[in-house]
Amino acid sequence: MLTIDNLHANAGDKAILKGISLTVNAGEVHAIMGPNGSGKSTLAQVIAGHPGFEVTKGSITYVGQDLLEMDPEVRAQQGVFLAFQYPVEIPGVTNAYFLRSAYNELRKAHGKEEMDPMEFLDLMEQKLKVVDMDPAMLQRSVNAGFSGGEKKRNEILQMAVLEPKLAILDETDSGLDIDALRVVAGGVNALKRPDNATIVVTHYQRLLNHIVPDFVHVLAGGKIVKSGGKELALELEAKGYDWLVGTA
Amino acid sequence: MSSSIETLVNKEYQYGFVTDVDSDTLPPGLNEDVVRLISSKKNEPEWLLEWRLKAYKRWLTMTEPHWPNVKYAPINYQGARYYSAPKSVKPLQSLDEVDPELLSTYKKLGISLTEQKMLSGVAVDAIFDSVSVGTTMKEELSKHGVVFCSFSEAVHNHPELIQQYLGSVVPYSDNFFAALNSAVFSDGSFCYIPKGVRCPLELSTYFRINAAETGQFERTLIVADEGAHVSYLEGCTAPKRSTNQLHAAVVELVALDRSTIKYSTVQNWYAGDKEGVGGIYNFVTKRGKAHADAKISWTQVETGSAITWKYPSVILLGDNSVGEFYSVAVVNNKQQADTGTKMIHIGKNTKSTIISKGISAGEGQNSYRGRVQILPKAEGARNYTQCDSMLIGNTCGAHTFPYIEVANNSSTTEHEASTSKIGEDQIFYCKARGLSAEHAISLIVSGFCREVFKELPMEFALEAQQLLGITLEGSVG
Ligand SMILES: Nc1ncnc2c1ncn2[C@@H]1O[C@H](COP(=O)(O)OP(=O)(O)OP(=O)(O)O)[C@@H](O)[C@H]1O
Ligand SMILES: [Mg+2]
Chain L
1 MLTIDNLHAN
11 AGDKAILKGI
21 SLTVNAGEVH
31 AIMGPNGSGK
41 STLAQVIAGH
51 PGFEVTKGSI
61 TYVGQDLLEM
71 DPEVRAQQGV
81 FLAFQYPVEI
91 PGVTNAYFLR
101 SAYNELRKAH
111 GKEEMDPMEF
121 LDLMEQKLKV
131 VDMDPAMLQR
141 SVNAGFSGGE
151 KKRNEILQMA
161 VLEPKLAILD
171 ETDSGLDIDA
181 LRVVAGGVNA
191 LKRPDNATIV
201 VTHYQRLLNH
211 IVPDFVHVLA
221 GGKIVKSGGK
231 ELALELEAKG
241 YDWLVGTA
Chain S
1001 MSSSIETLVN
1011 KEYQYGFVTD
1021 VDSDTLPPGL
1031 NEDVVRLISS
1041 KKNEPEWLLE
1051 WRLKAYKRWL
1061 TMTEPHWPNV
1071 KYAPINYQGA
1081 RYYSAPKSVK
1091 PLQSLDEVDP
1101 ELLSTYKKLG
1111 ISLTEQKMLS
1121 GVAVDAIFDS
1131 VSVGTTMKEE
1141 LSKHGVVFCS
1151 FSEAVHNHPE
1161 LIQQYLGSVV
1171 PYSDNFFAAL
1181 NSAVFSDGSF
1191 CYIPKGVRCP
1201 LELSTYFRIN
1211 AAETGQFERT
1221 LIVADEGAHV
1231 SYLEGCTAPK
1241 RSTNQLHAAV
1251 VELVALDRST
1261 IKYSTVQNWY
1271 AGDKEGVGGI
1281 YNFVTKRGKA
1291 HADAKISWTQ
1301 VETGSAITWK
1311 YPSVILLGDN
1321 SVGEFYSVAV
1331 VNNKQQADTG
1341 TKMIHIGKNT
1351 KSTIISKGIS
1361 AGEGQNSYRG
1371 RVQILPKAEG
1381 ARNYTQCDSM
1391 LIGNTCGAHT
1401 FPYIEVANNS
1411 STTEHEASTS
1421 KIGEDQIFYC
1431 KARGLSAEHA
1441 ISLIVSGFCR
1451 EVFKELPMEF
1461 ALEAQQLLGI
1471 TLEGSVG
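Chains L and S, in that order, are what the protein sequence lines are.
Read in order, the letters of the first sequence correspond to residues 1 to 248 in this note's numbering.
Read in order, the letters of the second sequence correspond to residues 1001 to 1477 in this note's numbering.
Source of the hints: derived by calculation from the structure; they are not laboratory data.
All values reported here derive from a predicted model rather than from experimental measurement.
Built from N, CA and C at the ideal position, the CB exists for glycine as well.
Just so you know, not all the hints are guaranteed correct.
If you only want the chain S side, here are some residues facing chain L, beta carbon under 10 Å, derived [as the list claims (entries may be wrong)]: (1) D1425; (2) Q1426; (3) F1448.
Build the full structure now, drawing on both the sequences and the hints.
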């Protein structure tokens, strides 16, 4: 589904990603771990198309297409979803309106009719259950004044509505309390299908008890320094990153 | 020659007017004879002519204000035409002759072909549907005793009301542009709501758009008698073309005891091309006088015109009266706006609220200018001002000029201001959810303007939101 080959990316003059290669197939869950500042969010944002980063070398192929050639909104319409590490606030725009706009863009991109507000409300009722969210949150401005945990939960709500092919969750578990973690992980698992894939960026093995990865990668200094199965996460938990970073 | 024209010709003669152009268009220039002629063409009573002449004489002694934060080449007042009968304006032959950008905007707004022609000055043979809508509306209104007609009609049918209230809020001597308007105003609207009547409809000038070219020196007067209630909508979202560059309108609102007037405007006069060539200069004086327990509420969405100079204000004369000003002003390309409000607290326990949202894009310059004045006797007066600016891109500007004068110590004023840049992060977040840059901007901007939009009547709010998106189109890459 996703093939990243020798990806290099800069922010301004600063090289951040320095040769990343990664293949993600349909049905797989990949976990990306690594020290602060190693480039995990940058990788996630480059995949989503953030204009602040410049790809200087390498390629990304997504379902047979050159992903880097696509505008960010087209990537989203084609099923790429990034749950932000720091979700952005949009004052004055209700969550419900934002979600419906996004959902309808997706439908339009696939040649379907827009959904009217009433129908959409019915859909929302089901989706809210996936993340166990209070319907009142729909009438509040997008992320404005949401607690850290609420923001993360809201990202997963968006994911539930948009049903992406490739979901990238950037530290969605950070800031969640134990119950919320279970709910959010449960939501992600409920959305898993054989034809979609998930990349979870996390610092904590704890999340991976709930969302069990097929592969774990360690990112350090802008490179993947180690890949392995789910047991690698346990090893990292025990040993930290130092033994790996040394080899980078 | 019809007899009315004959009278006119005679009158012209009587006033010593000599001209060699056809009787429906005056040559450029302004002098006393022009004022007399305008008045006589409209068959106006002597008192109104006198009033116009006084205004004209006063205007001669005044100078154009240059304190607004706008720049433009000097206006040649003697180069403008001050009267041309609607039918003498030569219509375009087909939509092919109209600026294609204007047409594409019409299409985006979903405006019918007939209306597109109306708005852009193309000849149409079919009479606009809205005329019949207008008739039905009038019948409904007259059942309640509401008067809603053109200003000229009102001069003839309700002279006592006009004589009593014309200039009672905006005197002809008020300012340069108001004096000019008072001398040469072409037409406009008049509206009277009798005691205790809640006007059964939203009054809208939209249905009169086929009366082409009345916009230049428009004059509107609304009188809400004691306990009456009215909501009035001015303008429409479609950009209107005008062959006159200079527009100077006056709007006067009189809210008698316990009445409410809600006045909503969507202003979208032609802004000119990307270089600012050909846009309208819009110099407007709008003011209301609120008597005891009355409420006047201005809501405006200003997206058009090359230059906007406009301060809808409220004189809070009576005790417990309330004044509100909700404004969204958008400038893009080379547009300049200097707009805001004045709240003058005279009565006790008067209350005013100002919510201003300025959006600047392209090379647009947007200024908020507001004055809150609390006089010594206005004990317990309160004002709340919130003034937010949003910048899109690096080449535009936002400026605020708030003036607050409080002359007693039982009053309170609160002022909040903010300036924000539409963030790359906000746009990216929207894009990452499948929204285009344009869609993202219109979403973020309408969120920014929500407090104002919610004051607009429902359909108007939707149109305004759409309009904002179109106005800002192309402002982000
Ligand atoms: N726009 C930018 N300009 C300059 N440096 C940047 C920019 N964005 C990211 N960086 C830098 O790139 C490095 C990688 O950042 P990134 O956010 O990808 O790290 P991360 O692995 O997600 O870290 P964390 O675990 O703390 O979330 C950091 O040193 C960061 O400061
Ligand atoms: Mg990160």
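Structure-based check of each hint:
1. D1425: OK, holds: D1425 (chain S) within 10 Å of chain L, min 5 Å.
2. Q1426: Check passed: Cβ of Q1426 (chain S) comes within 5 Å of chain L, closer than 10 Å.
3. F1448: holds (6 Å)
In this structure, every one of the numbered hints holds.
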